[in-house]
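The sequence shown begins at 157 in the numbering used here and counts up one residue at a time.
Keep in mind the hints are simulated off the structure, nothing from the lab.
There may be inaccurate statements among the hints.
To be verified - The calculated DMTMM-like cross-link candidates involving lysine to aspartate or glutamate, where the alpha carbons are at most 25 angstroms apart (straight line), are: (1) 398 to 249; (2) 398 to 388; (3) 398 to 227; (4) 398 to 495.
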Amino acid sequence: MRRIFPSKRTAFIAMVFALVASTLLLSGLTPSVDAASPSSSARIIKKLKKQIATLKKQLAAATATPAPFIEMVTVGNAANAADSTTYGAVPYEFQIGKYQVTLAQYAAFLNAVAATDTFGLYNENMATDLNIAGIAQIGVSGNFSYSVIGDGERPATYVSWFDAVRFCNWLHNGRPTGAQDAGTTERGAYTLDGVTSGGLTITRNPGAKFWIPSEDEWYKASYHQPAGQGGDSDDFWLYPTKSNDAPGNTIGVATPSNHANFRTPNNFFSVTQSANYDSNQNYLTAVGSYPDSASFYGTYDQGGNVFEWNDAVISSSNRGRRGGSWGDPGDRLSSSFRDEMSPANDDNLVGFRVAGP
157 MRRIFPSKRT
167 AFIAMVFALV
177 ASTLLLSGLT
187 PSVDAASPSS
197 SARIIKKLKK
207 QIATLKKQLA
217 AATATPAPFI
227 EMVTVGNAAN
237 AADSTTYGAV
247 PYEFQIGKYQ
257 VTLAQYAAFL
267 NAVAATDTFG
277 LYNENMATDL
287 NIAGIAQIGV
297 SGNFSYSVIG
307 DGERPATYVS
317 WFDAVRFCNW
327 LHNGRPTGAQ
337 DAGTTERGAY
347 TLDGVTSGGL
357 TITRNPGAKF
367 WIPSEDEWYK
377 ASYHQPAGQG
387 GDSDDFWLYP
397 TKSNDAPGNT
407 IGVATPSNHA
417 NFRTPNNFFS
427 VTQSANYDSN
437 QNYLTAVGSY
447 PDSASFYGTY
457 DQGGNVFEWN
467 DAVISSSNRG
477 RRGGSWGDPG
487 DRLSSSFRDE
497 MSPANDDNLV
507 GFRVAGP
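Produce the entire structure from the sequences given, and follow the hints as far as they go.
Now the structure itself:
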């Protein structure tokens, strides 16, 4: 049974009693009124049935649980060992986004905190790059607003690591509306205080409610499945589709398992099934478009669609990213491929997903 929130309990009880009373009234009135006036009885019955139908709808609305802004899945099997690459060991249970952060979610973030875009959370390429478009910005600074172009369920791109952690701060702080400051984007899961470059010593704060996954967290959510629970003999798959075989890239109603959005060895794009590049074509797929190709823990698109930021510091100037993208070959999706990028940079191949406790 769905939980009834305390603020709705009184309304719930009242509607239950009203529904029962109406039902009893209906059963009690039918024979006596029928005998006296069939037409009057019919009108009363019709009215009561309509009232009951309305009450049922109100009851359903009062007891429904709102959908979460970010849908998360649990990554269990705490204290697992790493695989031969030395990645993937996580000593605790945690949550991770079921999907990559979408255009609709990122646009909501921008509309909440970027009327004045102090720290450049919006990149105009989000609108002008038709391969990933995107999000449009209108207005002037102090009055900017944002809207999704096309399908809002596609992943957000042109998001730097700094943009992504500011999004995490916003989630941590309860998705407030206001200027980009300590109460919205600059403090919470991470302490940024205006930093937009460098920042390789920045780590998530104790008590963070949302964060960019560590490389081990990301790796485990993507490739791990204990052998005793149907996984490979070393507890890790080569690809994030529960397979050691390279995936295909077919999309459609009858999409089979082990498929993803990337370029095949013959350079075919998933969306067009053609090797011909088109600068006017959107190559992103809605998150979860390969329904039978989830990881063991239930995440989608950890291979393909867009690369995803992680928290690893890989070199003197770069953060980690993994998973491959719509424009990359299949080897980028594998557990053996590790990539890096300046945390201040962004492009049309990289997005992110969030993690939590």
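Each hint, compared with the structure:
1. 398 to 249: At roughly 20 angstroms apart (the allowed maximum being 25 angstroms), residue 249 and residue 398 satisfy the hint.
2. 398 to 388: It holds: about 9 angstroms lies between the C-alpha atoms, which stays within 25 angstroms.
3. 398 to 227: holds, 21 angstroms
4. 398 to 495: holds, 21 angstroms
In terms of the numbered hints stated before, the structure departs from none.
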